[in-house]
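Enquirer: Got chain U; can you put chain E on it based on the hints?
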Amino acid sequence: MSGLKRTSLRDFHAAHGARLVDFAGWEMPVQYRSILEEHKAVRRAAGLFDVSHMGEVDVRGPEAGKFLNRLVTNDVTKLYPGRVLYSPMCYPSGGVVDDLLVYQRGADDYFLCINAGNIDKDVAWIREQAAGFAVTIDDRSADFGLLAVQGPMAAAIVQSLTGAKLGLIKYYHFGEATVAGIHCLASRTGYTGEDGFELYHAASESVALAEALLEAGAPHGLELAGLGARDSLRLEAGFPLYGHEITADISPLTAGLGWTVKLDKGSDFVGRTALLAEKQNGAPNQVIFFKTGDRRIVRADTPVLGPDGAVVGRVLSGTLSPILNESIGSALVATASAAGEGGWSVDIRGTRLPLHRVRPPFVPLKK
Amino acid sequence: MSTIPADLRYAKSHEWLKLESDGTVTIGITDFAQDSLGDITYVQMPKVGATLKAGETFGVVESVKAASDLYAPVGGTVLAVNSALESAPETVNRAPYSDGWMLKLKPADPAAPAALLDSGAYAKLAG
Chain U
0 MSGLKRTSLR DFHAAHGARL VDFAGWEMPV QYRSILEEHK AVRRAAGLFD
50 VSHMGEVDVR GPEAGKFLNR LVTNDVTKLY PGRVLYSPMC YPSGGVVDDL
100 LVYQRGADDY FLCINAGNID KDVAWIREQA AGFAVTIDDR SADFGLLAVQ
150 GPMAAAIVQS LTGAKLGLIK YYHFGEATVA GIHCLASRTG YTGEDGFELY
200 HAASESVALA EALLEAGAPH GLELAGLGAR DSLRLEAGFP LYGHEITADI
250 SPLTAGLGWT VKLDKGSDFV GRTALLAEKQ NGAPNQVIFF KTGDRRIVRA
300 DTPVLGPDGA VVGRVLSGTL SPILNESIGS ALVATASAAG EGGWSVDIRG
350 TRLPLHRVRP PFVPLKK
Chain E
0 MSTIPADLRY AKSHEWLKLE SDGTVTIGIT DFAQDSLGDI TYVQMPKVGA
50 TLKAGETFGV VESVKAASDL YAPVGGTVLA VNSALESAPE TVNRAPYSDG
100 WMLKLKPADP AAPAALLDSG AYAKLAG
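These protein sequence lines map, in sequence, to chains U and E.
Each residue of the first sequence is one higher than the one before, counting from 0 in numbering that gives the first Met the number 0.
Each residue of the second sequence is one higher than the one before, counting from 0 in numbering that gives the first Met the number 0.
Isolated chain E (complex conformation):
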């Protein structure tokens, strides 16, 4: 059974989003997603400063099995990417909700994160 923290928001495409106290958001992929992918071997990220639209592809996560697109759960400007994943992409398998985070965004619409799935709704999707 995969872990679905109650304090996060979720996209149907299996990204999680954490609303930080300063209004920025941190984004990664869920435990369910990393488990489905298997051994993650490569994570391709956008550049800091890039502008993403909600639902837009922001990168690619590759496993031994397949390459999958990553989708921005909300639109915004990229503030930071987790460069540690370049040399240690397996961190996403080990710690999808903490050390395996992927990017930090300044949301274009501050209300957008609240419109995403809560943990209960996501659990029905990824149960």
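Next comes chain U alone, as it looks inside the complex:
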């Protein structure tokens, strides 16, 4: 696949039987053996994901914290060195530029982890917003590899390769750790709803780290997992995916991420005026999650019908939950249509399937 960007692990993936596809301009493994089996391995034991395509941006300087608190909707002042924060980053309209993780390393030293498909857009946006602040912005995306070990056995697997006391790193915290002789920033975060670590490391060390994790993890049931399983795992956990549940046109409030929008954090931030108005006046649409009781997948962009058959929304994400063995998904529906909750349905090849609203996660999760 010419013209696609590659992570340091591209040949490792191919050698392990991966099916490589174009994902946001990157040649990435969508699956190795089976999306459904990889999904189940993560819920049962552990999975190893290459997410090196994600972007990393250093934000440093005496006004780094102040700047970030203006840039994102969540409250950056809650951070301290070693703490991670999830936040949307909005346009003045309240629509989402991207969702990201903010890491605080030191007093004036932060870095962001951003979505692969948004790196160029985000970096340009962040630089534009940084005008007038005493900060430096560095796109470090090419320097870092990122491997995610996720699942109930993840911590034990990573612990077997490091002397660092991983038990001291709590959920949404991070610390330095030498894993299999490789210097890592070990972040107790993930996108599966399971316990686990995301290991940031020098891109040149990715193959050695992946091989060590795979070898140490195999006796624990760890399997290589591709982006297909990553997507079904995140949907089952009820996590948003940029471009689906949150977009330039779907605000974090509409998406049900009100807990990440700190309107009262004590300082202004990009999008605050619009988001405050949305909160006060209500939004015309809302994101809901559903299951169907049927195995037929309800795919993105399928129209959602109200009780009288009129279109009241559209599906944003849909897949088969390998754990529930039924199709699940998310949809953007007219807020007014929610009054008749239970009245939503979709037409799949002539069959009307009712959508049953679910408050995610769809399955019990450790995290």
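Simulated from the structure, these hints should not be mistaken for lab results.
Fair warning: this is a prediction, and the values are worked out from it, not measured in the lab.
Cβ coordinates follow ideal geometry from the N, Cα and C atoms, glycine included.
Possibly wrong hints are sitting among the right ones.
As the list claims (entries may be wrong) - Mimicking EDC-like on lysine to aspartate or glutamate, the simulated pairs with C-alpha atoms at most 20 Å apart in a straight line are:
hint, chain 1, residue 1, chain 2, residue 2
1, U, K39, U, D230
2, E, K64, U, D346
3, U, K264, U, E277
4, E, K11, E, E85
5, U, K77, U, D267
6, U, K4, U, D194
7, E, K11, E, D34
8, U, K278, U, D263
9, E, K11, E, D68
10, E, K64, U, D21
11, E, K17, E, D6
12, E, K105, E, D6
13, U, K120, U, D57
14, E, K17, E, D98
15, U, K4, U, E36
16, E, K64, U, E26
17, E, K64, U, E36
18, E, K64, U, D230
19, E, K52, E, D108
20, E, K46, U, D293
21, U, K120, U, D138
22, E, K64, E, E89
23, E, K64, U, D293
24, U, K39, E, E89
25, U, K290, E, E85
26, E, K64, U, D300
27, U, K365, U, D230
28, E, K46, E, D68
29, U, K290, U, D230
30, U, K39, U, E325
31, U, K164, U, D194
32, U, K77, U, E62
33, E, K64, U, E325
Said to hold, decoys possible - Just some of the chain U residues that point at chain E, by a computed CB distance under 8 Å:
hint, residue
34, I34
35, L35
36, G227
37, K290
38, R294
Expert: Structure of chain E alone, referenced to chain U:
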């Protein structure tokens, strides 16, 4: 490399057909097709007794990735469908030429199966 049994006939749309000794045919999708689709999650079948024309859509096979139409390689009357696929569609991934069969037909034209691709011709298509 996908498996292409020599004793079957094939359609360009990646269905296989087995001519049984009693003149009926068994139909499924090829190893190449199941591998291209990935994890199969749902198979929609016609009703027993339905009449199909050659080339007509007889059902849908869905994977995590996409939904694809299934085409009748020959015309005929549906004698049986593999109801085990309702609860275990992944059987098509595991055993596309045996337990993953989809339907049995009584061909309208007994000569039609022989006009389909043989394994050599199909191998060139799905190589």
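Enquirer: Within a Cα-Cα threshold of 20 Å, do U:K365 and U:D230 meet the stated pairing?
Expert: 18 Å, holds
Enquirer: U:K290 and U:D230 were given as a pair; does the straight-line alpha-carbon distance stay at or below 20 Å?
Expert: Cα-Cα ~16 Å, so holds.
Enquirer: Is the straight-line distance between the alpha-carbon of U:K4 and that of U:D194 20 Å or less?
Expert: 29 Å, violated
Enquirer: Given the proposed pairing of U:K39 with E:E89, does the C-alpha separation stay at or below 20 Å?
Expert: Holds, at about 14 Å.
Enquirer: For the pair supplied as a hint, E:K64 and U:D21, is the alpha-carbon distance within the 20 Å limit?
Expert: 14 Å, holds
Enquirer: Please work out if U:K77 and U:D267 have their alpha carbons no farther apart than 20 Å.
Expert: 16 Å, holds
Enquirer: Holds or violated: E:K11 with E:E85, Cα cutoff 20 Å?
Expert: At roughly 26 Å apart (the allowed maximum being 20 Å), E:E85 and E:K11 break the hint.
Enquirer: Does the alpha-carbon distance linking U:K77 and U:E62 stay inside the 20 Å limit?
Expert: 16 Å, holds
Enquirer: Return the status of the interface hint for U:L35: holds when the least beta-carbon distance to chain E is below 8 Å, violated otherwise.
Expert: It holds, given that the least Cβ distance between U:L35 and chain E is near 5 Å, below 8 Å.
Enquirer: Given the hint that E:K46 pairs with U:D293, test it: the Cα-Cα distance must not exceed 20 Å.
Expert: 19 Å, holds
Enquirer: CA of U:K264 to CA of U:E277, is that 20 Å or under?
Expert: Measuring from Cα to Cα gives roughly 17 Å; hence the hint holds.
Enquirer: Between U:K290 and E:E85, does the CA-CA distance stay at or below 20 Å?
Expert: 18 Å, holds
The structure fails hints 4, 6, 15, 37 (numbered hints given earlier, in ascending order).
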